[in-house]
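Kindly produce the complete structure, drawing on both the sequences and the hints.
Listed here are the chains, written in short residue letters.
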Amino acid sequence: MAVQDTPHASDLPLDLAPTQVRPAPRAARRLPVQKDWPLPFIIAAQIGILVGIIALWEVAARYGWIDGFFWSKPSAIWQMFKIFFTEGDAWTDISFTFRSTILGFIIGTTAGSLLGLSFWWSRNYAAIAQPYIICFESMPKLALAPLIILVFGIGLTSKVAIAIALTLVVSTLTTYAGVKALDPDGEKLFYSLGATRWQVFRKLVVPFCLPWVISVLRVNIGLALTGAIVGEFISSQHGLGRTIFYAGSTYEIALVWVAVFVLSTLAVIMYIVVAWFESVLRKGTRQ
Amino acid sequence: MPAEPKLRLDAVSRTFRTPSGQFQALAEVTLSVPQGRFVSLIGPSGCGKSTIFNIIAGLLEPSTGRVLIDGIDATGTIGRVGYMLQKDLLLPWRTVLDNVILGMEIQGVPLGEARGRALPLLQRYGLAGFEHLYPNALSGGMRQRAALLRTLLFDTDVILLDEPFGALDAQTKLQMQEWLMQLWSDFRKTVVFVTHDVDEAIYLSDEIYVMGTRPGRILETIPIPLPRPRLRTSSLTPQFIVIKERCLALLTSVAPALEAA
Numbered sequence: 001m002a003v004q005d006t007p008h009a010s011d012l013p014l015d016l017a018p019t020q021v022r023p024a025p026r027a028a029r030r031l032p033v034q035k036d037w038p039l040p041f042i043i044a045a046q047i048g049i050l051v052g053i054i055a056l057w058e059v060a061a062r063y064g065w066i067d068g069f070f071w072s073k074p075s076a077i078w079q080m081f082k083i084f085f086t087e088g089d090a091w092t093d094i095s096f097t098f099r100s101t102i103l104g105f106i107i108g109t110t111a112g113s114l115l116g117l118s119f120w121w122s123r124n125y126a127a128i129a130q131p132y133i134i135c136f137e138s139m140p141k142l143a144l145a146p147l148i149i150l151v152f153g154i155g156l157t158s159k160v161a162i163a164i165a166l167t168l169v170v171s172t173l174t175t176y177a178g179v180k181a182l183d184p185d186g187e188k189l190f191y192s193l194g195a196t197r198w199q200v201f202r203k204l205v206v207p208f209c210l211p212w213v214i215s216v217l218r219v220n221i222g223l224a225l226t227g228a229i230v231g232e233f234i235s236s237q238h239g240l241g242r243t244i245f246y247a248g249s250t251y252e253i254a255l256v257w258v259a260v261f262v263l264s265t266l267a268v269i270m271y272i273v274v275a276w277f278e279s280v281l282r283k284g285t286r287q
Numbered sequence: 001m002p003a004e005p006k007l008r009l010d011a012v013s014r015t016f017r018t019p020s021g022q023f024q025a026l027a028e029v030t031l032s033v034p035q036g037r038f039v040s041l042i043g044p045s046g047c048g049k050s051t052i053f054n055i056i057a058g059l060l061e062p063s064t065g066r067v068l069i070d071g072i073d074a075t076g077t078i079g080r081v082g083y084m085l086q087k088d089l090l091l092p093w094r095t096v097l098d099n100v101i102l103g104m105e106i107q108g109v110p111l112g113e114a115r116g117r118a119l120p121l122l123q124r125y126g127l128a129g130f131e132h133l134y135p136n137a138l139s140g141g142m143r144q145r146a147a148l149l150r151t152l153l154f155d156t157d158v159i160l161l162d163e164p165f166g167a168l169d170a171q172t173k174l175q176m177q178e179w180l181m182q183l184w185s186d187f188r189k190t191v192v193f194v195t196h197d198v199d200e201a202i203y204l205s206d207e208i209y210v211m212g213t214r215p216g217r218i219l220e221t222i223p224i225p226l227p228r229p230r231l232r233t234s235s236l237t238p239q240f241i242v243i244k245e246r247c248l249a250l251l252t253s254v255a256p257a258l259e260a261a
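In order, the protein sequences belong to chains A and Z. All residue numbers for the first sequence refer to the numbering used here, where the first residue is 1 and numbers rise by one. All residue numbers for the second sequence refer to the numbering used here, where the first residue is 1 and numbers rise by one.
Worth double-checking, as some hints may not be accurate.
[As the list claims (entries may be wrong)] Under the rule of at most 16 Å between Cα atoms (straight-line distance), these lysine to aspartate or glutamate pairs were calculated in the EDC-like manner:
hint : chain 1 : residue 1 : chain 2 : residue 2
1    : Z       : 244       : Z       : 186
2    : A       : 188       : Z       : 61
3    : Z       : 6         : Z       : 157
4    : A       : 203       : A       : 183
5    : Z       : 173       : Z       : 157
6    : Z       : 87        : Z       : 163
7    : Z       : 244       : Z       : 197
8    : A       : 82        : A       : 67
9    : Z       : 87        : A       : 183
10   : A       : 188       : Z       : 162
11   : A       : 203       : Z       : 105
12   : Z       : 6         : Z       : 70
13   : Z       : 6         : Z       : 131
14   : Z       : 87        : A       : 87
15   : Z       : 244       : Z       : 199
16   : Z       : 6         : Z       : 73
17   : A       : 203       : Z       : 199
18   : Z       : 87        : A       : 185
19   : Z       : 6         : Z       : 178
20   : Z       : 173       : Z       : 199
21   : A       : 73        : A       : 89
[What the hints assert, rightly or not] Some residues of chain Z that are not near chain A, with every Cβ distance over 10 Å (derived):
hint : residue
22   : 54
23   : 64
24   : 178
[As the list claims (entries may be wrong)] Among chain Z residues calculated to face chain A with C-beta under 8 Å, some are:
hint : residue
25   : 59
26   : 78
27   : 83
28   : 87
29   : 93
30   : 154
In short, the hints are calculated from the structure, not lab data. What you are looking at is a predicted structure, and each value in this text was computed from that prediction instead of being measured. The beta carbon of each residue, even a glycine, is placed where N, CA and C say it ideally should be.
Listed below in structure tokens is the structure:
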């Protein structure tokens with residue numbers, strides 16, 4: 001009954017009135033404590049879920065619960081995986097995608113950071129450049145991809161260019177945020193010691209902004225990979241993106257999955273390396 | 001006293017242009033500080049203390065007047081005086097030792113030599129064992145020490161200290177005052193000190209410039225004839241109390257003070 005669901009509703013006015021009947025003692029409640037499971041248990045659960053999903057997928061495809069043609073199934077994917085690595089161009093494709101991602105990442109991040117830092121030198125120059133940067137930031141850069149392919153050809157260069165287009169602005173804006181966060185008193189201190197602008201830049205601005213530069217590394221590696229893959233989708237002779245696109249248009253769904261898994265592995269490895277590099281840099285800058 | 005003061009401000013003033021018209025931050029100020037003197041500026045916020053410091057340090061051009069150091073025009077030139085700002089501004093990515101040598105480094109002293117000069121001083125002046133730590137491992141007092149040693153190691157005759165102990169707790173502040181007196185008597189620098197703390201100003205200084213606002217100006221110059229070395233208990237002497245009363249009177253009510261001056 002509704003009345004019994006809220007037994008205190010009728011008591012409420014009495015509780016609120018100070019001089020009335022003494023309130024009933026509060027319910028003794030303990031601090032909720034969450035127990036941490038042992039690590040092996042956690043790992044076992046994680047593996048269990050993975051095995052469960054794969055098994056469910058396989059069973060579902062075999063018994064026709066899902067369409068095996070469109071979804072493929074783990075056993076077929078595994079067969080394709082072996083073929084991909086023994087007979088296909090697995091390593092050529094992986095290396096192609098890897099190279100365009102890394103090159104785009106390094107060039108885009110470096111150029112973007114330098115551009116962001118350059119705004120420190122002149123407020124006028126920064127003010128003039130600002131609207132262009134914001135335009136380029138808000139523009140969906142992938143929409144430019146077909147044009148970039150036309151200009152740079154179907155080889156590695158165009159993939160690198162798209163990866164740069166995606167990473168450059170992020171680095172520029174983040175580094176510029178660092179420049180703007182610079183304490184004017186820090187500059188004052190340097191100038192009071194008779195420093196030149198170059199000395200202020202090298203000994204104060206660059207080390208101060210480094211944490212901002214570092215903070216975009218992980219984002220940028222993902223963006224660079226996206227850029228490379230999209231470039232390969234549009235037009236390419238190699239690469240995991242091209243493999244996915246090609247397999248998709250010929251209905252080789254198992255190959256799509258294989259390429260996606262390889263790509264994910266590549267992405268995770270690059271992410272881990274960048275995260276490690278980031279922690280090394282952070283130690284260097286004492287954050 | 002030698003005829004040539006170490007530091008001289010000659011009718012220095014500063015007017016800022018604001019959207020609502022001209023704003024005089026500092027009316028004409030003239031003062032001279034002889035070599036080795038310790039002088040303090042006290043006054044309410046907005047009295048132009050920071051403006052004076054920025055002008056002396058060459059970070060701000062005065063609207064009128066000149067800054068003379070050793071009788072030579074130093075108006076608008078940087079790197080002539082050591083300037084310690086309110087914040088310690090230690091660079092978090094440098095060790096204490098490398099922070100302290102910043103001034104020498106900027107002046108082009110080779111790193112090895114600069115470190116060699118700084119190390120014994122760090123050890124003598126209470127930072128032994130902290131040389132290779134990063135500033136975030138230091139307490140407020142220790143950070144101020146490092147910032148002050150950085151200013152001293154810049155090796156100029158005149159140093160400007162802008163409320164160096166303002167953010168410290170009372171206990172640490174007293175220790176730091178003793179420490180500063182020790183440094184001052186060892187290095188014989190000419191010090192210009194800004195503080196809000198009247199007791200601190202009297203305890204440390206040879207002379208106090210009491211400042212007023214609108215426009216920022218010097219209301220009165222009060223010499224402190226207390227003998228040195230001063231004891232903590234000197235703040236209980238009648239002489240000290242008379243000076244303190246005068247300072248407080250000037251600071252709390254501007255109008256009668258003007259008449260008196």
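ask   = Which of the listed hints are broken here?
value = Those not satisfied are hints 1, 5, 8, 13, 14, 17, 19, 21 and 22.
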